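S.K.: Protein chains in written order, with the working numbering: chain B, 1 to 171; chain S, 172 to 311.
Everything labelled a hint here was simulated from the structure, so no lab data went into it.
Since the structure is predicted, the reported quantities are computational estimates derived from the model, not experimental observations.
Fair warning: there could be bad hints in the mix.
Stated by the list, open to error - Not the full set, but computed from the structure, chain B residues with beta-carbon under 10 Å of chain S:
#, residue
1, T65
2, K72
3, P85
4, V122
5, A143
6, H165
Just so you know, even glycine gets a beta-carbon here, dropped at the ideal spot from N, CA and C.
In case you want the letters, here they are:
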Amino acid sequence: MKTFGTFLLLSLASASFAFAAPKVDDAQIAAIVVAANQVDIDAGKFAADKTKNHEVEAFAKTMVTDHTAVNKSAGDLVAKLKVTPEENDTSRSLKAGGEANIEKLKSLSGSAFDKAYVDHEVAYHEQVIDALDKVLIPNASNAELKALLVQVRPAFVAHLEHAKHLQSSLH
Amino acid sequence: MRIFTLGAAGIVGAIFALAMPQLGAAAGAAEDASHAAAPSDARLHIVKIQGMAYVPARIEISLGDSVVFENHDIVPHTVTSQKPGEFDSGSIAPGKSWRFTPSSLGAAAFRCTFHPVMEGQLTIASKRAAAAENPDGGAR
Chain B
1 MKTFGTFLLL
11 SLASASFAFA
21 APKVDDAQIA
31 AIVVAANQVD
41 IDAGKFAADK
51 TKNHEVEAFA
61 KTMVTDHTAV
71 NKSAGDLVAK
81 LKVTPEENDT
91 SRSLKAGGEA
101 NIEKLKSLSG
111 SAFDKAYVDH
121 EVAYHEQVID
131 ALDKVLIPNA
141 SNAELKALLV
151 QVRPAFVAHL
161 EHAKHLQSSL
171 H
Chain S
172 MRIFTLGAAG
182 IVGAIFALAM
192 PQLGAAAGAA
202 EDASHAAAPS
212 DARLHIVKIQ
222 GMAYVPARIE
232 ISLGDSVVFE
242 NHDIVPHTVT
252 SQKPGEFDSG
262 SIAPGKSWRF
272 TPSSLGAAAF
282 RCTFHPVMEG
292 QLTIASKRAA
302 AAENPDGGAR
């Protein structure tokens, strides 16, 4: 988990640096949003299938449902705005980190699996909220895109709180 | 296994639930934003679900009134009594709503089963008590 957390932190820190100059644009933000949500959808599907813990399963299914909804809203908006998501270092790093996380989870089972999945969820949501606040929302130039980012932020916060409660019950 | 401890509202609700008769319910399925008219002497109370919260989170109504929970978020939510079997909206999709008409006095804490950090409390009082406590709040 710490490896992934450090990886994500570095990715987003480098994103912050990169976004300072040149400024990230809406097409890049769209790609980051899609990648960030897809990473958690994939992890959630994997966890929901593998865990034997009902609370972890319920949480994982909620992650799949909610992040799918966010991605649908984002997809609808970028289509409306005629913006084509532009892959960038951050979106690529997020995808690579998500794949590495699932590879790690494949080697675990039982309570070790549950703890690793939930620990990752805590770190992931903390870093995404940080990125929303420091990178994505401030740099969004289209008002509707900015509004969507602001609108989805409470969901990430609720997920983080949920994950932390779950984490405390597992450790 | 319970993950979440009840907040203050939840504790108060639980105490009320123990002290008062169990809530009966005539609950509607999730519906579109247009709501059927309430009986002439009843009031319709609106609770918005937005920003991952119930707004307002504490609702006091009179027996015979209805409450409509409108989901303004982009993710689904539920309105589920924390006392098992009492009432449960099931999944309320984004843009949809759920109408609930309790059939007896009582009180209950509720939350979203998908997002347990979302909590609220519904109290059904006699008409006189509710009017004194909440003369206009949230009603249409």
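S.K.: Could you work out which of the previously given hints the structure breaks and list their numbers from low to high?
M.R.: Structure breaks hints 3, 4, 5.
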